[in-house]
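There are 2 protein chains.
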Amino acid sequence: MSRQMILLTEGHSDPHTAKTACSVLRYRGEEVVAVLDSTRRGAPVSASLGVESPLTFIGSLEEAPRADTLLIGIAPPGGKIPVSWRPLILEAISRKMNIVSGLHDFLKDDCEFVEAARQHQVELVDVRSNTFREIARMVPLRRESIRILTVGHDCSVGKMVTAIETTRALERLGESASFIATGQTGIMVSGDGLPVDCIVSDFVSGAAEHLVAKHQHRDYLLIEGQGSLVHPSYSPVTLGLLHGSRPHGLIFCYEIGRETVTGVPHMKIPPLEQIMRLNEEIAGVLHPCRTIGIAVNGRRVDVERTWRECREAEDRFGIPACDVFRHGAAKLARAAQALRSDVLSDPIPAHPRED
Amino acid sequence: MSRQMILLTEGHSDPHTAKTACSVLRYRGEEVVAVLDSTRRGAPVSASLGVESPLTFIGSLEEAPRADTLLIGIAPPGGKIPVSWRPLILEAISRKMNIVSGLHDFLKDDCEFVEAARQHQVELVDVRSNTFREIARMVPLRRESIRILTVGHDCSVGKMVTAIETTRALERLGESASFIATGQTGIMVSGDGLPVDCIVSDFVSGAAEHLVAKHQHRDYLLIEGQGSLVHPSYSPVTLGLLHGSRPHGLIFCYEIGRETVTGVPHMKIPPLEQIMRLNEEIAGVLHPCRTIGIAVNGRRVDVERTWRECREAEDRFGIPACDVFRHGAAKLARAAQALRSDVLSDPIPAHPRED
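So the protein sequences, as listed, match chains C and H. Counted from 1, the first sequence has number 46 at position 46 by my numbering; the numbering is strictly sequential. Counted from 1, the second sequence has number 269 at position 269 by my numbering; the numbering is strictly sequential.
Looking at chain C on its own, in the form it has when it is part of the complex:
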């Protein structure tokens, strides 16, 4: 049963603030009936959000009467629902629409929303809400299921998109592959996953282990990375994924021109070689792991500059590099196949660290 969604981006219809809306539109476009921003009513959605779409913005809920779901399409710093949106959300509830939110502030903690939802018998879905409480235990995992985690030099450089595009490229090659969502947008797109940044720190590795164990019947798991091992705010979440998912391979994502840490502008990002080696080394403590490819994000530069960067990255690191939006992820999918072939032909059954 497919949803009929309105994406709410009221007053914030740009690719950065509305990145949740952009990804849902890109990967679940068939479920999106409208995008609501009364400040841009009638304008084409694709021009504002940078995603191909035939839709134009609507200015009120009644313009899309078939819709059964309102999805909060922004991820503002702090995670709070703008006060000015409250009447709109209450109106959606009274129109019997379910509400989906990935914000840190939960709909279900808001008495007014809860009471309205009860009255109109609709569902409030807080994608970030969870009660996960299991530690990682190094459970045995199927040898034939290859785990690949996207990592990066900073947050917001395309780790989710790279994992999704590589999954799709593997599927096009006839492989059995799953995208493993670990953040609110990824969960909205895939309909499964755990929001690892909202899990109590003792259990964040356990959440990653749970996800790879659950999907290990697939031959390739493309795990959505979070943050970066050198990000002063989010590195514990990154490490929880690196240790909990025990990847065989990493895809390293970086954005051309990004030189300082997001949110901490007085800190320079260390050299890419250092970050890459640190990721491999700390993942390697639990499981043999190597970087198999580079996802270059060229969103702030032109096509020619991106091509040049990819060629230089291939020379510099000796592994395939591409911009998954501009070039597709076929190179990364082939690197994943080569990794799986190496792992399966490896006569050593386990890591020397395990008995």
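Since the hints were derived computationally from the structure, they do not count as laboratory data. A quick note: this is a predicted structure, and the numbers were derived from the prediction, not measured. Just so you know, not all the hints are guaranteed correct.
If several chains are the same, the list does not tell them apart, and a pair holds so long as it fits within one copy or across any two.
Straight-line Cα separation of at most 35 angstroms, DSBU-like style, residue types lysine-lysine; simulated pairs [stated by the list, open to error]:
id, residue 1, residue 2
1, K96, K268
2, K19, K80
3, K214, K96
4, K108, K268
5, K19, K96
6, K19, K108
7, K268, K214
8, K19, K268
9, K80, K214
10, K108, K80
11, K80, K96
Got chain C; can you put chain H on it based on the hints?
The following block gives chain H in isolation, referenced to the frame of chain C:
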């Protein structure tokens, strides 16, 4: 206003399961009026718990009528309150005693305890409960305040005790030093701190940063470490402390004879050199950091074997090594003074990574 505490260790009076009781008795002994274990009534507490104490076990609450607080003195795997203790806790509440617990299961989530506490006007203190929600931001910190974090090759190797003993040894040398608690037992002992393993993973580094910023008026901060960077379950918590507290120095703690990871017996602990280097390297991404001393835990071996291990560790790593229980922490305190002197005489004002 000092508390008059009964420590509850009913049926579990051994140094491992009752490690919370042991530490409270060792470091807050002046507040402990009795230890309750009806299965050992009349026996000397020191023999069971391995902590010097003139007390003998009591068999019921009425044997210590002056007491105003009952402290749950065990940390069982899973963190649950044993069912058989419920009548005892309810009796303590009806005797107008406050209840202090460090378990994952909160007293305040238990309707029966909450109702009884309301009726008898006593306080339920869940040391692990918190609503901390701030990310780390690399806030400027006072240059003269030296931050030293205890790390180790595994969990439960003496990181809290080493931090406390080094703080006390510095105080004996006339220095201004604070122990910074990051776990439930440390918080019970110090009366301050944050339970970092219970904080949402996005905010665990923020909690560590908050604590060092709060206490930076002191010249030495001895930060209680948690888990280990190579522990598959708890490494994200360890990294949150390493990045959030931005230590100048590390004290590396290990136990003689420990070869496999606690809770994951099929995993061998990597070589100490590798773990030490990994800690320095990943801390060094944000702030210059070096290991200044080794805390050898010789609880399972004799005095002679411990002395030999410490001498060998000093040769192997080129830094001071001692067993803080057997030898005191004076060597570590002097290493901290040497570190502070180096940092303050360093003509380079900040890390090359910062602008």
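Evaluation of the provided hints:
{"no.": "1", "hint": "K96 to K268", "result": "neither (49 angstroms within a copy, 56 angstroms between copies)"}
{"no.": "2", "hint": "K19 to K80", "result": "within (15 angstroms within a copy, 41 angstroms between copies)"}
{"no.": "3", "hint": "K214 to K96", "result": "within (34 angstroms within a copy, 48 angstroms between copies)"}
{"no.": "4", "hint": "K108 to K268", "result": "neither (39 angstroms within a copy, 44 angstroms between copies)"}
{"no.": "5", "hint": "K19 to K96", "result": "within (26 angstroms within a copy, 54 angstroms between copies)"}
{"no.": "6", "hint": "K19 to K108", "result": "within (23 angstroms within a copy, 38 angstroms between copies)"}
{"no.": "7", "hint": "K268 to K214", "result": "between (38 angstroms within a copy, 26 angstroms between copies)"}
{"no.": "8", "hint": "K19 to K268", "result": "within (25 angstroms within a copy, 43 angstroms between copies)"}
{"no.": "9", "hint": "K80 to K214", "result": "both (32 angstroms within a copy, 27 angstroms between copies)"}
{"no.": "10", "hint": "K108 to K80", "result": "both (13 angstroms within a copy, 27 angstroms between copies)"}
{"no.": "11", "hint": "K80 to K96", "result": "within (23 angstroms within a copy, 41 angstroms between copies)"}
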